[in-house]
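Just so you know, the sequence shown maps onto residues 1 to 502 in the working numbering.
Rather than coming from a laboratory, the hints here were simulated on the basis of the structure. Small disclaimer: the values here were computed from a predicted structure and weren't measured. Be careful, since some hints might not be right.
[To be verified] Label-pair distances were calculated between CB atoms; the ranges are:
#1 HIS489 - GLY449: 14 to 24 angstroms
#2 VAL284 - GLU29: 20 to 30 angstroms
#3 LEU304 - VAL183: 21 to 31 angstroms
#4 TRP20 - PHE81: 54 to 64 angstroms
#5 LEU39 - TRP342: 42 to 52 angstroms
#6 ARG289 - GLY80: 14 to 24 angstroms
Glycine included, every Cβ here is placed at the ideal spot set by N, Cα and C.
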Amino acid sequence: MSAEPPQEQFSKGGFTPRAWLQGEPGPRESLIFALLLTLVSVLPVLVAVYPQMVDYPAHLARFHVMLERDHSQFLQQYYGFKWRWMGNLGADLLIRPLAAWFPLETAGRIVVGIIPLITGLGIIAVEWVLRRRIGVGAVLAMCFIWSPALLLGFLNFGLSLAAALFVFAAWVLLEGKRWRAAVMVPAGFLVWVCHVSGWGALGLMVFAYEWNRTRDWRAFIAPWPLAFPVLALLFGAGTKGLASYGYGESVSVYKWSIWKQAMRDSIEWLDYASLILILGILAVSAGLRRIDPRLGWATVLLLLSSLALPRHIFAGDLVDARMISTGLMVGCLALAWRAPRWVMLAAALLFLGRLALTTDNWKRDSRETAHLLQTIDRLPMGAKLATVVITERRQWQYNPQEHICGYALVRRDALVNCNFALPMVHMLTINEGGPYFRDPYHRLYHRSGAYINLLSYDPAKNADWFWYVGSNRPDKLPLRARVIEADRHTLLARLAKRRTGS
Numbered sequence: 001m002s003a004e005p006p007q008e009q010f011s012k013g014g015f016t017p018r019a020w021l022q023g024e025p026g027p028r029e030s031l032i033f034a035l036l037l038t039l040v041s042v043l044p045v046l047v048a049v050y051p052q053m054v055d056y057p058a059h060l061a062r063f064h065v066m067l068e069r070d071h072s073q074f075l076q077q078y079y080g081f082k083w084r085w086m087g088n089l090g091a092d093l094l095i096r097p098l099a100a101w102f103p104l105e106t107a108g109r110i111v112v113g114i115i116p117l118i119t120g121l122g123i124i125a126v127e128w129v130l131r132r133r134i135g136v137g138a139v140l141a142m143c144f145i146w147s148p149a150l151l152l153g154f155l156n157f158g159l160s161l162a163a164a165l166f167v168f169a170a171w172v173l174l175e176g177k178r179w180r181a182a183v184m185v186p187a188g189f190l191v192w193v194c195h196v197s198g199w200g201a202l203g204l205m206v207f208a209y210e211w212n213r214t215r216d217w218r219a220f221i222a223p224w225p226l227a228f229p230v231l232a233l234l235f236g237a238g239t240k241g242l243a244s245y246g247y248g249e250s251v252s253v254y255k256w257s258i259w260k261q262a263m264r265d266s267i268e269w270l271d272y273a274s275l276i277l278i279l280g281i282l283a284v285s286a287g288l289r290r291i292d293p294r295l296g297w298a299t300v301l302l303l304l305s306s307l308a309l310p311r312h313i314f315a316g317d318l319v320d321a322r323m324i325s326t327g328l329m330v331g332c333l334a335l336a337w338r339a340p341r342w343v344m345l346a347a348a349l350l351f352l353g354r355l356a357l358t359t360d361n362w363k364r365d366s367r368e369t370a371h372l373l374q375t376i377d378r379l380p381m382g383a384k385l386a387t388v389v390i391t392e393r394r395q396w397q398y399n400p401q402e403h404i405c406g407y408a409l410v411r412r413d414a415l416v417n418c419n420f421a422l423p424m425v426h427m428l429t430i431n432e433g434g435p436y437f438r439d440p441y442h443r444l445y446h447r448s449g450a451y452i453n454l455l456s457y458d459p460a461k462n463a464d465w466f467w468y469v470g471s472n473r474p475d476k477l478p479l480r481a482r483v484i485e486a487d488r489h490t491l492l493a494r495l496a497k498r499r500t501g502s
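Generate the whole structure from the sequences, applying the supplied hints.
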């Protein structure tokens, strides 16, 4: 790995389109270009009324209980909520002031829109403090703004990663300042409060930066201002469910699968091709010693951590997978190439092409969500709703409707079975419905042609309404189910009350 080579003049001829494309953009031009790309990254949120993230409705449901429980008899009956400080609160803290000014669904959409915006700005900040210009690496790094983690709806992690980029940029900018530590102590806590995984990524980035600078024991000591959240972890702030390697398959098979999905979006072959291209660029750059070691070592550590970390930490899922996309983002930022305008534009086309697909998917799937929510709006207030959502195993794109029943809680104060409510882990608890009345028991992964038998579906035994969402009709409905309405993708049934003594 080596630092960036000296600036080269790509074209010394007169002003022609070819000469312009072959010339290197100046610092101001490249900054404006990157800022425009960052603004465009918010496009999916602008075209979709309902954010199409897998976990998003469940987060929105938790926000509703957190904010409105004291004002609803149904919410008080069905749910408990115990606030506590932990390393997983980014969106929960941000939603409070926003919900005071906007309706909750609007406030949630604003939170979603903030994440790609500040992530892009964080990428720009890191690139600028290191090189005082925006290069091709930063543009490629923007391909990881809409990472699988964000598409899955890991809001707190998205906020934490963006904050980590800004804090790392500040760490570099304040080098040599005596008061840097005083700034970094609260900054580290901020990143940790948003999400512990982002804080871990920040620690690796700072350590790697200092290791490149000193190459001795001082690199292990240097990040101490960021280390104070360790005390919160040791004294129990969110340490329940510390770690789990429960893959359900061999570790090697699982790790290979998450690496293949490092750029998963909607078109399998395109996502594979994009990943191979990024890995190829990084490999060639490393071979030609065009990797800036100030971020190169961090790339190595982040990618290695994806192999060493378990899948679950602090009840967070796919912790190791998050480090892959983060490591690749940092790896792109480590590219020490000065590039002509045509290369910058080509890199932007990869980002914009993938963004266009994401935007189109969100626009289409948001219409589907709006259609499905018409069913929810017919439910009575305080309904007890058991939901089944079918996800086809052959489907590459994430199913954005997996937690759609969360909207029933938001709009009808309903008891629903898709909440994140692990005892002693999450702040939200469920008072009724039984042990299976929470995520992930509402999801059914379906193989083409397989029989869908819901006759003994446990959550339906403690509900008065049943909602089915899927492209294939169920072969057997729960006992006591009387279909009220149905169409090609959804079915709503009333569950008759049990007879006394039955």
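Each hint, compared with the structure:
As the Cβ distance of HIS489 to GLY449 is approximately 18 angstroms, the hint placing it in 14 to 24 angstroms holds. Checked against the hint of 20 to 30 angstroms, the C-beta distance between VAL284 and GLU29 comes to roughly 26 angstroms, which is consistent with it. Checking the proposed 21 to 31 angstroms range against LEU304 and VAL183 shows it holds: the Cβ atoms sit about 29 angstroms from each other. For TRP20 and PHE81, the hinted distance range of 54 to 64 angstroms is satisfied, since their beta carbons lie about 58 angstroms from each other.
Look at LEU39 against TRP342: about 22 angstroms separates their beta carbons, and that is not inside 42 to 52 angstroms. Taking the beta carbon of each, ARG289 and GLY80 are about 57 angstroms apart, not inside 14 to 24 angstroms as hinted.
Violation of the numbered hints given earlier is confined to hints 5, 6; the remaining hints are satisfied by the structure.
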